[in-house]
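Number of protein chains: 2
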Amino acid sequence: MTEALTSTRDRLVLNAARLFQQRGYHGVGLAEILAESGAPKGSLYHHFPNGKADLALAAADWAGGEMQRIMADAFEHAASFDDGATTLCFKLAKLFDLSGHRDGCPVSSTLFEGAANDAFRDRAAEIFAGWIGTVTTHGVRFGLSPDAAEMMAERLFMGLEGAWVLARAQKTAEPLRRLPRLLGHMPGA
Amino acid sequence: MTEALTSTRDRLVLNAARLFQQRGYHGVGLAEILAESGAPKGSLYHHFPNGKADLALAAADWAGGEMQRIMADAFEHAASFDDGATTLCFKLAKLFDLSGHRDGCPVSSTLFEGAANDAFRDRAAEIFAGWIGTVTTHGVRFGLSPDAAEMMAERLFMGLEGAWVLARAQKTAEPLRRLPRLLGHMPGA
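So the sequence lines, in the order shown, correspond to chains A and B.
Numbered continuously in the working numbering, the first sequence closes out at residue 189.
Numbered continuously in the working numbering, the second sequence closes out at residue 189.
Just so you know, the hints here were simulated from the structure itself, not pulled from any lab data.
Each hint should be verified, as a subset may be incorrect.
One copy or two, it doesn't matter: identical chains are merged, so the pair holds either way.
What the hints assert, rightly or not - Restricting the straight-line Cα-Cα distance to at most 20 Å, the calculated cross-link-like pairs of lysine to aspartate or glutamate (EDC-like) are:
id: 1; residue 1: 171; residue 2: 36
id: 2; residue 1: 171; residue 2: 122
id: 3; residue 1: 94; residue 2: 54
id: 4; residue 1: 94; residue 2: 126
id: 5; residue 1: 171; residue 2: 118
id: 6; residue 1: 41; residue 2: 97
id: 7; residue 1: 41; residue 2: 150
id: 8; residue 1: 41; residue 2: 73
id: 9; residue 1: 171; residue 2: 126
id: 10; residue 1: 41; residue 2: 66
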C-alpha cells in the first residue's frame with residue numbers, strides 16, 4: 001500500500017497512523033515505524049523535530065482528516081439527516097469489519113495515552129470539533145436549527161465513539177450497526 | 001490512601017488500576033507500580049504469575065466492579081429510569097472533575113491497548129456486559145420491556161463512553177453533563 005507513496009514523510013505518517021490505531025501510542029516503538037516505512041532514523045527527526053510526539057500529531061491529523069471525509073461523504077449523498085447518520089454508522093461498521101474487528105478510533109488510540117500531554121488532548125479536541133462541525137453543517141442543511149444540529153452531531157459522535165469501544169470488546173461491528181436504531185435514526189427503536 | 005489496606009495484592013491492584021486509568025497499559029511500567037505499592041518484585045509474580053497482564057486483568061476487574069456499584073447506586077435510589085440515567089451521568093462527571101479532567105474509562109484504559117490480546121478484550125466485554133446488565137435490570141424494574149431496557153442500557157453505555165472521550169479531549173466534564181439531555185433523559189432536548 002505504501003510503496004506508491006512518494007515521500008518518506010507520507011510513509012512515516014501513514015504507518016504511524018495505522019500502527020497507533022492498532023496498538024496505541026505507547027504500544028508502538030519508533031524503530032517499528034521506521035522499519036515499516038523504510039526510513040532512516042535521521043529522516044524522522046528531519047521531518048518531525050520532536051520525534052514520536054510530533055509524528056503522532058501528524059498521524060492523528062491525517063487519520064482525523066480521513067474520518068472527516070468519510071463523515072462528509074455519508075451526509076453529502078443522504079436524503080435526510082437520519083439517512084446520513086445511518087449510512088455513516090454502517091460505513092464505520094464495514095471499516096471495523098475490514099480491520100479484523102480490532103482498530104479503534106484513530107484519534108483516541110493515538111492521542112489519549114499521553115493523557116498528561118496537553119498538546120495531544122488539544123489536538124484531539126480540535127479534530128473532534130471538526131467532525132462534529134461537519135455533521136452539524138449537514139444537520140442545518142437538512143433543516144435543523146443550529147443548536148439542534150449541534151446536539152444531534154454531538155450525540156452521534158458520542159454514540160460512535162462508545163459503539164466503537166463496545167465493538168472492540170465484543171470483536172464484532174454489531175454495536176456500530178445497532179447505533180442508528182438506538183439513536184432513533186432508523187425505525188425500530 | 002493505600003496505607004490502610006492490609007494486603008500487598010490489594011495495593012498492587014489499586015495502584016495498577018489508578019495508573020493504567022491515567023496513562024494506559026503500555027504507559028505504565030511494572031517498576032512504578034511496585035514502587036508505589038511498596039512491594040518487592042517477587043510478590044508481584046507470587047500474586048500474578050503472568051505479571052503485568054494478570055495484574056491488568058485484576059485491576060480492570062476491580063475498577064469494573066467499582067463502576068458497576070456506582071451504576072447500581074445511581075439507579076437504586078432513582079424515581080425513574082430517566083432519573084437514574086441522569087444521576088449516573090452527573091456522578092461520573094463529578095468523578096471526572098475530581099480526576100483533574102484526566103482519567104478515562106478504567107476498563108478501556110487498561111484493557112484496550114493490548115488490542116491484539118484476546119483475553120483482555122474478552123474480559124472487557126464481560127465487564128461491559130455486567131454494566132449493561134445492571135442498568136437493564138433497573139430498566140425492567142421501572143417498567144420497560146426486557147428488550148427496550150437492554151437497548152436503553154446499551155445506548156447509555158455508548159453515550160457514556162463517547163462522552164468520556166470528548167470530556168478528556170476538551171478537559172471538562174461538560175460532555176458528560178450534557179449527555180442526559182442529548183439522550184432525552186432530561187427535558188430540554
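Each hint, compared with the structure:
no., hint, in the structure
1, 171 / 36, "neither (26 Å within a copy, 34 Å between copies)"
2, 171 / 122, "between (30 Å within a copy, 9 Å between copies)"
3, 94 / 54, "neither (30 Å within a copy, 33 Å between copies)"
4, 94 / 126, "neither (26 Å within a copy, 24 Å between copies)"
5, 171 / 118, "between (31 Å within a copy, 9 Å between copies)"
6, 41 / 97, "neither (34 Å within a copy, 41 Å between copies)"
7, 41 / 150, "neither (44 Å within a copy, 51 Å between copies)"
8, 41 / 73, "neither (37 Å within a copy, 53 Å between copies)"
9, 171 / 126, "between (29 Å within a copy, 12 Å between copies)"
10, 41 / 66, "neither (27 Å within a copy, 45 Å between copies)"
When each numbered hint is compared with the structure, violations occur for hints 1, 3, 4, 6, 7, 8 and 10.
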